[in-house]
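Trainee: If you want the building blocks of each chain, they are given just below.
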Amino acid sequence: MDDTLVTSPLQISKRKRLNQRSKTIIYLVLGLTFLLLIAVAGTLLSHAAITTNFMQKNLLPSLQYPFGTDWLGRDMLARTLRGLSISIVIGLFASFISAMIAAILGTAAATLGKTVDEVITWLVDLVMGIPHLLLLILISFALGKGTFGVIVAVAISHWPALTRVIRAEILQLKETNYVKIAGKMGRGKLEIAVKHMVPHVFPQFLVGLILLFPHAILHEAALTFLGFGLPPEQPGIGIILSESMRYLSLGMWWLAVFPGLALLITVLLFDLAGGSLRKLIDPYSAQD
Amino acid sequence: MNTRLYSKFYKYVGQSFVKAILLLLAVSILSFTLVSLSPVDPIRSYVGEVGMANLNETNLAKLEAHFGLDTPPVERYWNWLTDFIQGDMGTSLIYRQPVADVISVKFMNSFLLMITAWTCSGIIGFILGTIAGLYRGRWIDKLIKGYSLLLASTPTFWLALIFLMVFSVELKIFPIGLSVPIGVAAAEVTVLDSLRHLILPALTLSAVGVANIALHTREKMIDVMEEDYVLFARARGESQLSIVKQHALRNIALPAMTLQFASLSEIFGGSILVEQVFSYPGLGQAAVSAGLDGDIPLLLGIAVISAALVFTGNLIANILYGVIDPRIRRGSVHG
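For the protein sequence lines, the chains are Z and A, in the order given.
For what it's worth, my numbering labels the leading residue of the first sequence as 1, then goes sequentially.
For what it's worth, my numbering labels the leading residue of the second sequence as 1, then goes sequentially.
The shape of chain Z in the complex, shown without the other chains (with noise of 0.2 Å):
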């Protein structure tokens, strides 16, 4: 009998043009690309972005200003590129911050015994346990609120999703032969660690450290909506959409609808690259 007797719809499905691997680097270099494109006309745009011009106010989107002007005259498209480019660097490092404490605490309640196992992994319920947003809006409080806030509030609240999946993953590997051999052959816990732990982790954590980054900056910019985040001259995508509001009622689209699609973008392009490196690096579905 000849294996293709059996065609299933999902075989069928089949021809695909890009594989998972073209897929996932098309994903991170139109991410990086997008990133640093933002980064760099953000600084540039720096006073653009703030500009009053009352010539101009309230204009439609056109080819002169793209995503149109505000009540002030502010040309918008400036101001969402100056607005993305904070959100960006406070996401980039809250993400980073978050990734390492994930990495800390998932690496410590596998391998220092059950004690602090316990302890970590009721943390991680903890934590868990109150809504993220809410756990925002108190860590903000606690800080007095403004910039400093929000970015310590976003940095220290993303770690326990990733906890736990650094956690089962050192668990498991423990119960591999090369690490019990490495063990039985005399080598010290750090070296195990180390040189057999890390690499084999690494990938897990590199995917969980890009999935982060999407959620810190729709948490930053969440917060900032809802006004305890960043100064309004610091024209955060939060600061601009609370901002919109107040003008929704009359007809004025273009200041809510571009820069939330600006935001949409960014996130949607990690969240693809994200999922699509974790699609690469498991073994049961790199090939499909």
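These are calculated hints, taken from the structure and not from any lab test.
A hint or two may mislead.
Stated by the list, open to error - Reference excerpt, derived from the structure (chain Z facing chain A, CB under 8 Å, subset only):
id, residue
1, Asp125
2, Ile130
3, Leu133
4, Phe141
5, Gly144
6, Leu218
7, Phe225
8, Gly227
9, Leu248
10, Val267
11, Asp271
Unchecked claim - EDC-like cross-link-like pairs, simulated, lysine to aspartate or glutamate; straight-line CA separation at most 20 Å:
id, chain 1, residue 1, chain 2, residue 2
12, Z, Lys279, A, Asp223
13, Z, Lys279, A, Asp141
14, A, Lys145, A, Glu219
15, A, Lys19, Z, Asp117
16, A, Lys19, Z, Glu118
Where is the CB? At the ideal position from N, CA and C, for every residue including glycine.
Chain Z is already provided as a structure; the job is to place chain A on it using the hints.
Mentor: Coordinates of chain A only, in the frame set by chain Z:
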């Protein structure tokens, strides 16, 4: 024999319950510590800037005593906790009412919103996920997957703004804000009115909530459809419908349910944003005002209540898991 098996299940339920209570206690400590750390001065937010300037020493001392600022933090926490357990959550500074009253009113509003969104997103998400997984790679799968990926990355508050613009400002189908019409006495508000104000926020929350559950169910469905028992069922000549009903749904329902109960925390987060955009007077909006205006008792109360909601969700999920899954009911796996 049976009682022995079931006693294990009861023990499992009891353990989950005790764990939830302990976690709740820890949440209260954590929240209390966080709000105590805050540089926001409760007296200042109570009397305002002008009042602060006119406050003399004795009145200041009185107010400090009133807010318990002259007692050490641990004692303050203990006082707060014992009061809290007896149902006295303190007095809200912005509403000038007992926190318990404020929360109970807001909670009902929020609960209505969240339960609607939760149910809708759960059912629709599950159905979409099942269809997508079943027809993997076809156009309908691509459509559902694309929608879910897009919505999973969409800022909730932005979607709320867009809905507000499309449905309220442009089409004028729904009111712009508030859960009751403006200028109508509370007693005259009909059920229909409240429903109309509920639809748009609930729609936003559901649209976002669908994404997660649909993606998850889709993955599970794909896994299940590639199992040997499905292949065998097909070889036996079972129809596609019967395979889905008899084999697939039973296996994907459980994880989907757990996920849906675990998503309560996310729905709550989303409701904070949605309530803010639609000026829907719920817990989320109250939490934001409490945080912005330094209303510590209210913020604490909401933190504990929302955590209780999340833990209850997890607890129900655990128990349901036990009730539905025969393996756990007989206490063979999980602990």
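Trainee: The hint names aspartate 125/Z as touching chain A; please verify it with the least Cβ-Cβ distance against 8 Å.
Mentor: 6 Å, holds
Trainee: Have a go at the phenylalanine 141/Z hint: is there a Cβ in chain A nearer than 8 Å to its own Cβ?
Mentor: 5 Å, holds
Trainee: Given the hinted pair lysine 279/Z and aspartate 223/A, is their Cα-Cα distance within 20 Å?
Mentor: The given pair, whose Cα atoms are some 14 Å apart, holds under the 20 Å limit.
Trainee: Given the hint that lysine 19/A pairs with glutamate 118/Z, test it: the Cα-Cα distance must not exceed 20 Å.
Mentor: 12 Å, holds
Trainee: Under 8 Å is the threshold here; is the Cβ of phenylalanine 225/Z close enough to any Cβ of chain A for the hint to stand?
Mentor: Nearest chain A Cβ about 5 Å off; hint holds.
Trainee: A closest beta-carbon separation below 8 Å is what the hint needs, so does isoleucine 130/Z meet it against chain A?
Mentor: 5 Å, holds
Trainee: Given a cut of 8 Å on the nearest C-beta pair, is the interface hint for valine 267/Z held or broken against chain A?
Mentor: Hint holds; valine 267/Z Cβ to chain A Cβ min 4 Å, cut 8 Å.
Trainee: Would the hint on leucine 248/Z stand, with a C-beta cut-off of 8 Å toward chain A?
Mentor: 6 Å, holds
Trainee: Verify the interface restraint on glycine 227/Z: the C-beta must sit less than 8 Å from at least one C-beta of chain A.
Mentor: Holds - the Cβ of glycine 227/Z comes within 8 Å of chain A, reaching about 6 Å at its closest.
Trainee: Do the numbers back the hint for leucine 218/Z, that is, is its least Cβ distance to chain A under 8 Å?
Mentor: 6 Å, holds
Trainee: With a cut-off of 8 Å, does the beta carbon of leucine 133/Z approach a beta carbon of chain A closely enough for the hint to hold?
Mentor: 4 Å, holds
Trainee: Would the pair lysine 19/A and aspartate 117/Z pass a check requiring their Cα atoms to be no farther apart than 20 Å?
Mentor: 16 Å, holds
Comparing the model with each earlier hint shows no violations; every hint is respected.
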